[in-house]
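Residue numbers (this note's numbering), protein chains in the order written: chain A, 21 to 270; chain B, 21 to 270; chain C, 21 to 270; chain D, 21 to 270.
Since the hints were made in silico from the structure, they are not lab data. Just so you know, these numbers come straight off a predicted model, no measurement behind them. Possibly wrong hints are sitting among the right ones.
Since the list gives no way to pick one copy over another, a pair counts as held whenever it fits inside one copy or between any two copies.
As the list claims (entries may be wrong) - Lysine to any residue pairs mimicking SDA-like chemistry, simulated, CA-CA at most 25 angstroms apart:
#, residue 1, residue 2
1, K59, T49
2, K266, L242
3, K239, A254
4, K266, H104
5, K266, I114
6, K266, W152
7, K151, E181
8, K266, Q70
9, K239, Q95
10, K266, T147
11, K239, D155
12, K239, R157
13, K55, E181
14, K90, E179
15, K90, A156
Number of protein chains: 4
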Amino acid sequence: MRMVIGNGLSFEKRSPRVTIWNEYIHERTDPQIAKVYPKGIHIALAEGLQPYGFLLRTATLEMLEHGLTKETLEQTDVLIWWGHLAHEQVSDEIVNRIQARVLQGMGLIVLHSGHRSRIFQRLMGTTCDLKWREDARRERLWVVDPAHPITAGIGQYIEVEPEEMYGEFFDIPAPERLVFISWFHGGEVFRSGCEYQRGLGKIFYFRPGHEAYPTYYNKDVLRVIANAVRYVGAPHGATPTYGEVKPLEV
Amino acid sequence: MRMVIGNGLSFEKRSPRVTIWNEYIHERTDPQIAKVYPKGIHIALAEGLQPYGFLLRTATLEMLEHGLTKETLEQTDVLIWWGHLAHEQVSDEIVNRIQARVLQGMGLIVLHSGHRSRIFQRLMGTTCDLKWREDARRERLWVVDPAHPITAGIGQYIEVEPEEMYGEFFDIPAPERLVFISWFHGGEVFRSGCEYQRGLGKIFYFRPGHEAYPTYYNKDVLRVIANAVRYVGAPHGATPTYGEVKPLEV
Amino acid sequence: MRMVIGNGLSFEKRSPRVTIWNEYIHERTDPQIAKVYPKGIHIALAEGLQPYGFLLRTATLEMLEHGLTKETLEQTDVLIWWGHLAHEQVSDEIVNRIQARVLQGMGLIVLHSGHRSRIFQRLMGTTCDLKWREDARRERLWVVDPAHPITAGIGQYIEVEPEEMYGEFFDIPAPERLVFISWFHGGEVFRSGCEYQRGLGKIFYFRPGHEAYPTYYNKDVLRVIANAVRYVGAPHGATPTYGEVKPLEV
Amino acid sequence: MRMVIGNGLSFEKRSPRVTIWNEYIHERTDPQIAKVYPKGIHIALAEGLQPYGFLLRTATLEMLEHGLTKETLEQTDVLIWWGHLAHEQVSDEIVNRIQARVLQGMGLIVLHSGHRSRIFQRLMGTTCDLKWREDARRERLWVVDPAHPITAGIGQYIEVEPEEMYGEFFDIPAPERLVFISWFHGGEVFRSGCEYQRGLGKIFYFRPGHEAYPTYYNKDVLRVIANAVRYVGAPHGATPTYGEVKPLEV
Chain A
21 MRMVIGNGLS FEKRSPRVTI WNEYIHERTD PQIAKVYPKG IHIALAEGLQ PYGFLLRTAT
81 LEMLEHGLTK ETLEQTDVLI WWGHLAHEQV SDEIVNRIQA RVLQGMGLIV LHSGHRSRIF
141 QRLMGTTCDL KWREDARRER LWVVDPAHPI TAGIGQYIEV EPEEMYGEFF DIPAPERLVF
201 ISWFHGGEVF RSGCEYQRGL GKIFYFRPGH EAYPTYYNKD VLRVIANAVR YVGAPHGATP
261 TYGEVKPLEV
Chain B
21 MRMVIGNGLS FEKRSPRVTI WNEYIHERTD PQIAKVYPKG IHIALAEGLQ PYGFLLRTAT
81 LEMLEHGLTK ETLEQTDVLI WWGHLAHEQV SDEIVNRIQA RVLQGMGLIV LHSGHRSRIF
141 QRLMGTTCDL KWREDARRER LWVVDPAHPI TAGIGQYIEV EPEEMYGEFF DIPAPERLVF
201 ISWFHGGEVF RSGCEYQRGL GKIFYFRPGH EAYPTYYNKD VLRVIANAVR YVGAPHGATP
261 TYGEVKPLEV
Chain C
21 MRMVIGNGLS FEKRSPRVTI WNEYIHERTD PQIAKVYPKG IHIALAEGLQ PYGFLLRTAT
81 LEMLEHGLTK ETLEQTDVLI WWGHLAHEQV SDEIVNRIQA RVLQGMGLIV LHSGHRSRIF
141 QRLMGTTCDL KWREDARRER LWVVDPAHPI TAGIGQYIEV EPEEMYGEFF DIPAPERLVF
201 ISWFHGGEVF RSGCEYQRGL GKIFYFRPGH EAYPTYYNKD VLRVIANAVR YVGAPHGATP
261 TYGEVKPLEV
Chain D
21 MRMVIGNGLS FEKRSPRVTI WNEYIHERTD PQIAKVYPKG IHIALAEGLQ PYGFLLRTAT
81 LEMLEHGLTK ETLEQTDVLI WWGHLAHEQV SDEIVNRIQA RVLQGMGLIV LHSGHRSRIF
141 QRLMGTTCDL KWREDARRER LWVVDPAHPI TAGIGQYIEV EPEEMYGEFF DIPAPERLVF
201 ISWFHGGEVF RSGCEYQRGL GKIFYFRPGH EAYPTYYNKD VLRVIANAVR YVGAPHGATP
261 TYGEVKPLEV
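Let the hints inform the model, and build the full structure from the sequences given.
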């Protein structure tokens, strides 16, 4: 859709092209998890995000080039990442390729256990380690940056139950914008919505989404992910140039 | 304009309502400056921003309540501020009122000598003092955050000539996002595009715009201001609540 | 103490001069609170900080100029602030004077209900409002920036019980460094250790310390305050100059 | 040196142990550069830093394990890094080892062309690319954070002449604290003093130091590096723990 404004000044506004990546192992190997996500987490996310009008596709680990060919990534405005068991099986080549695309401006949304993915570690420069406990209690995500567009349509907090616990210290660089902080029943807190920028690309880490619980059917969780797609997929400024240059002044 | 997306999920997208405030003294008292801005800086800005499709109005110091009545501010999504000689003549009541509206979510764009305005000092908590020299040389504003939407349509830098020099140290809190750094011929640099957030409101300080030079006819300068209007005027999350509360857990 | 290092390069290392300010009303008017702090919160803090070797003095609201004369502030490296009932009784002149000293480099530690003090609001530019509940349950402050010197000697978290609850949204600018996040039994979280810089001055907000509970006898709480004194009271760079300047290049 | 304070509370204060790493190629292969740094940049830096009382050692690329054995790094509080021609010759193992030590709390100072080193890219997650020109003109580094301890003893700016030009856009994450901005004669600016934290480790990037110019004999440049050693080598809080944990509340 091209919007024409006033006398000739216009900007193109189009639906973001979203690729949802899932390692897709739990759902095929564990009957309990298959019950929660029979078609896989990626399909559940795609179905949940469909009403928002994005151009959606999915990719999984076992596909050729993990489903992330050069062409696919070039046609991706936002990559959503879910992984857990097989971080080390993602090849160097694909990690390099994703990093390069983020630096060029592709948005990246890293979900839950994706905190230990190679691509997130690569972009953060840290281990991204944390505390955890699989106790199926309530998580309450408090909005601590209500002006952030990622919180549009959300009240003061989101509740997700049951969920896994993630606790501090979370070994990440200090978030450039911290959007959510989680409260857990067992006495822990967690920085659960974290924004970063690397090169021209925006990155959003969002905590909820243990594979054994139906978190990605939660309307508020989907709303945050949809808001994040719009936010990290928004257009931006000019591509930088590098290298040897002549002086501009004499 | 209401956009309907998919099966019923929608969000309203309307033109931001912009109020351009100018103290409007130089242009009426100094014939040299009147030649540059015969109708005042506020009208020059309004004319320059008109093609972008905003809902524009202007207000000046000598108007009743400086033209910033409660009603006007409530109907303002973005306030643009230019002042220089008469910062102290802006009343406590109006400064309080603007601050309250920013905290509720109104965007604020502070231009050039507005760095010493009472409202900017109030929101920053510092003197906002700096070095300066009125030498009519070139300013080159380098983009140091090319992913920032405020730089959309801008190349690697903007040149404005002639301009006044502003030099560091600029006594502001460290910008939450630093978008432009200016180079000056006399050997100085300046953080010339600075983003902040206070409450729900976004604030953007943009340096160029000495009253004696035709800066606000410069297409790139207008483009940055227009981008900033869209950026600081964008919708955001829920209004926070405060005060005594009951526990959510027992 | 002057330390001489190598061949003539030296730097002065002296104990920070600390002024502890308390409005000192609760302890004189409420017998329950007088039992907890018989000599006042300021004296309890002074006694608790004495082992750290600082040069300590106290000041209270009812003293002449609230005990914060020009001379006193000029001889203060770190000002600690506790207030609750009488924020509005602190005069404009003294608020201006403290702000000016912070901008010159005096450190400021704002405790608990001091979040609504005029000086903190002045330096933040926001309301500093929050949610609260006086329910005497446990607070657990998690370290989320273990590299911060303010956390030296502290483990992964501090527990304080009983304490008042403070909950998000806390209407402050995003902390420049977020050091602690509190967990509360009733389901809330709070950004409870927040660092800022204004001018040359460092500011640290630290949440615990309700007047009805013996928080300021807690060894970990005192340790954090002592660490903060060293941190915000540390020496820094050159005093900036402002105003009209000649070019450095021709 | 152990300082005992008051009644038994003490903290250890010792000289930071500094390892200066230099790839050491230019100085052995280019007679022009050998004239400037006859013993190598690492020895020039060691001699320049000696008066500050640090425990200094050096290491170079061609040494076994590049001179950075496990034992050496474990006994290093601050690693200073200079490299240019041979970034790719630094092995995976050593890059991993340095990163791990930084995350554990070792300080890292990256100088000049070290911006493209593997360890800096690893910790930043970006290309760290930039514009450049070897024109031997003046660089003026303006202090934009005069409260930062790294600027102690420095005035409003440092001048270095002759120097190479580095220009924006510099592809780094937004600095957590931006300390210096450089002005260049040819019309460029550059973020030339940048602080980051990764895990428990502090990182400082400092721009000056082209191999063909005698920059590391400049007293102000040495002073900044010495200040940075103290700053990134300072002690900090507790080592985090990770992994599965039991609840703290029931």
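Violated constraints from the hint list, given by number and in increasing order: Violated: hints 2, 5, 8, 9, 14 and 15.
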